[in-house]
Amino acid sequence: MKESALLTLFSQQKRSGLGRWARWLWLLGVSVSALAQNPHRPFTRLPYLQGSSPTQIHVLWRTEGPIQPVVRWGTRPDRLDQTVPLAAIVTRASLGTNGQPMLPQWQSLRTPENLSLPKLHSAPIGTFQYEAAIEGLSPDTVYYYGVFNGSERLTAESPEQRFQTQPKPGTVRPYRFWVLGDSGTGREAQRAVHEGMQAWVKQDGRPLDFWIHVGDMAYGTGRDVEFQSRFFESYQTTLRNSVCWPAMGNHEGHTSKGSTGIGPYYDAYWVPTRAESGGLASGTEAYYSFDHGNIHFICLDSHDLDRKPSGAMAKWLKADLEKAKAEWLIAFWHHPPYTKGSHDSDKEADLIEVRHHLLPILESGGVDLVLTGHSHVYERSMLLDGAYSTNATVAENFILDDGDGDPRGDGAYLKGAGLRPHEGAVQVVAGHSGASLGRVGTSPVMRRTLVEHGSLLVDVEGDTLVGRMINREGVERDRFSLVKRGAPLVRRLSLPWQPPEYKAPEKATKSPYPPPLDHAVLIPAGGEWRVLSGAHPQGSLWTQPGFDDSSWLLAKAPFNSGRGRLLGEGRASKEGRPSLYVRRNFTVTQADTVTELGLWVDYADGIIVYLNGQEVTRVNVGRSSGRNAQGIKLREDSGAVYVPLGSIARFLVDGVNVLAIECHAHSEGSIDFGLNPALWMED
Amino acid sequence: MASIGTRIGWSLLCAFLCLGVARAHDSPEHQIEALSERLIREGASADVLLERAIEYRVLGKLKEAARDLQRAVRLAPSDSLVLLELAQIELQRGRVSEALLWARRALQVPGLATGERAAILMIRSHCRAAQGSKLEALDDCSEALRWNPQLISAYLERSAWQQRLHRPHERILGLEEGIRRTGAGLLVAERIEALLDEGQWQQALEAIEPELTASRLQGTWKIRRARALKGLSRRTEAERDLQSALEEIELRMPRVVKDSSLLMDRALARELLGQTEAAIQDYKLAAGCGGGEEAIEAGRRLRRTRSGRPLWPWRTQRTTQH
Ligand SMILES: [Fe+2]
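Residue numbers (our numbering), protein chains in the order written: chain H, 1 to 683; chain G, 1001 to 1322.
Calculated from the structure, these hints are not laboratory results. Check each hint, because a few of them may be wrong.
Some chain H residues close to chain G (C-beta under 10 Å, calculated; not the full set) [as the list claims (entries may be wrong)]:
(1) V84
(2) P85
(3) A88
(4) G96
(5) P101
(6) P104
(7) R274
(8) G311
(9) K325
(10) E353
(11) H376
(12) F398
(13) S551
(14) A555
(15) G646
Cβ atoms here follow ideal geometry from the backbone N, Cα and C, with glycine treated the same way.
Start from the sequences, fold in the hints, and give me the full structure.
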């Protein structure tokens, strides 16, 4: 909580007549509750792995306030006999700006020494991020690690705190990696997809070597708090023992910029810029490459950098491809060149540019597999080459094998050994890992389109690559394979197989908007509210903090006509419809760490919700508000649903906030009229 | 509220469209619709206008994007992100003086992060380039690098201006500085281009050899080596490199829609072999599929020189091609 807000609250308590000791106890209570919110103290971001090579790996973590950072490692979990030198640990800090209100304990951290540390651009004030480079490791070896504050061990002694270094470049052995995209919602589907993958992998018996996120990992705008709750906390069990290689999505692009290298995305990840893991040094974190065994990976920023061949990124791509000597070439980024999921690659400029400018360079460089997201669907192509047109994509003469690519069906797609230009690549859109799904049509180059949540597992072993779509239940839903052997004949099919045309369901069934997985209750259902019924308040003052609501009735929810208690006195609305107005205070200790607020609410028929006097959500109310509310629709469904509140980043404050709701019936005779709200905060 | 069910009304879903969390209808059109509703409901804010402008830009509706950004600037005159975006959009629309104005405004924002300042300076550089102010465009690249010495594109663009303005020594030193600071492989290649442009054949050749050995795809490097060899009067070896580069390019060239980076290479190889008309044709094709100013300039230069002047041995006027 910021200092000024604390003082305001403190003075409010003072005004309320609490004694001095009670006030201090109250203040203590605030701190204790803040402590209780973080069971991992002092970590505010648990240790996770980044940027590995055959001899090096990075461990990153965050704490609230500084610690004496120590990382120990060894080849047994109970014997961490090596220590990372302090010089190999980079510390970044978020210390606010001069004059910014902050807790005294953070103010005292603004020493010249701390202020000279590299900046964390968007983390809560008081956050310290540590980036430890563990070097001098042996290739393809399992190690265990622990994070300490001086001599105090902060991470558990567990075989899960481990990592495996990469094998030497070119090493042929089985590799397995996980690919997911558009997952960062903090909703149940995200967790199910993660668990589905874990279950499948566990049953199969071979763990992941690493994973790739193709972007949109922190909805809605890639803020630091969204990264924390919707990425780091969601994937902690996978992040602590396998490296995630990221690509930036458009949602992260709201707060992070490739052209400046600034923002929560760039704070969160360590990626190679100087060819630390092979490839050609890009000199920037926006795009990079790395080798893993006999595979070369390329990551591009498809969101906000020049995609044209004359731009620096495309030039680097060309130069990187010149040097790549691995047996396999896999590229990933966010915007798909071919999709008819929730996005349309024939209509959207950024998708067309990716197809027109970047794919030719990759395909003439011998790319085998392209992994993207953005479109909330699973789409997997046939073996494809050369479809770069800015017009609508067609399949004729661009498909090299129109089979299903499944070793159990039409057989694997065949290419020549090594990296060979224009022998075809498989395109996978994996934007189905958490966000709600969508489809506008069928791309003619796709062999498989699945509108269900899941992710992709890829196995590479020697000359064979197998991709599997594993759904949220841990069930394999698609399999394709590429085999690179000899020099098979390349044919271009003038009349390739075409996927059946997609017909949108006439009446789409809409699933309810899911609530966040983890939440704290700020106002419980059945809570006490100040209520006005049978009359309309004047103007909008009643929605604001400071409004004197002492004349309003103090009553417990639910408020409904069935109980008659609140609504019997008259229904003074222009159209004679029943209306109801409720308001109540709630407290938030640190507004800038709140990812999302939402109502768990049963209502009929329309509601408008205000936060500190600002409208943040309206449902089923057409125009205006209060006595002038118009266009109130009948709520056709019923029961409690989750209704997220918008713009909380703008309107939520540290300390006391006011939530106000007006509820209107659809018609005068509405028998279902009523309201039962609870307020949830995403944890 | 008597009976409780589970389905949710369409209007409720519409209300959610305005929120950040991913939804089925994630397309720019839907986003614009949702953001518009949000602007009506919450009143105009710079953040939401910026978001909507970005969606308009994705759809190529630059005029609408600029209009939103201008509104956003009125609401948040010191929002550097909005100003940066607006300058960029106006430049894209060809409204150079407006772009310049917004870039200047952005540079006056107090407390700009160094990375932001560098990005804005690069936009100003592009504006000045569009106005034909070469020296000022160059100065902006240099200033951008003072604020963000990691900015690879600024090194490349500065190098291009230094070449056009015949400042070979500065160019090579600047690139060496960039290599030291960033380690970027692209700058290593650009330095070799600078050595070739400067006629430092032997030095270039020595730098090319290890790169060529390390390369799987050798066409581009063989063309570079051919330039050095020609400079050293080793014509037969140079021609062998060029022929071999052309063979590789043919193997890699896509059939229908062409790849401008390969076309640029083929054009240069053909130019060096004296196949002027074919080279001009390739530069033209490259310009038509994303090759940009570089391809246009190269084509123009070649058309000027085809009137009898010797092409060989030859110091190219190429810009940032590597
Ligand atoms: Fe996206």
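Hint check results:
no., hint, verdict
1, V84, "violated, 23 Å"
2, P85, "violated, 22 Å"
3, A88, "violated, 18 Å"
4, G96, "violated, 12 Å"
5, P101, "violated, 17 Å"
6, P104, "violated, 24 Å"
7, R274, "holds, 4 Å"
8, G311, "holds, 7 Å"
9, K325, "holds, 5 Å"
10, E353, "holds, 9 Å"
11, H376, "holds, 6 Å"
12, F398, "holds, 8 Å"
13, S551, "violated, 26 Å"
14, A555, "violated, 16 Å"
15, G646, "holds, 5 Å"
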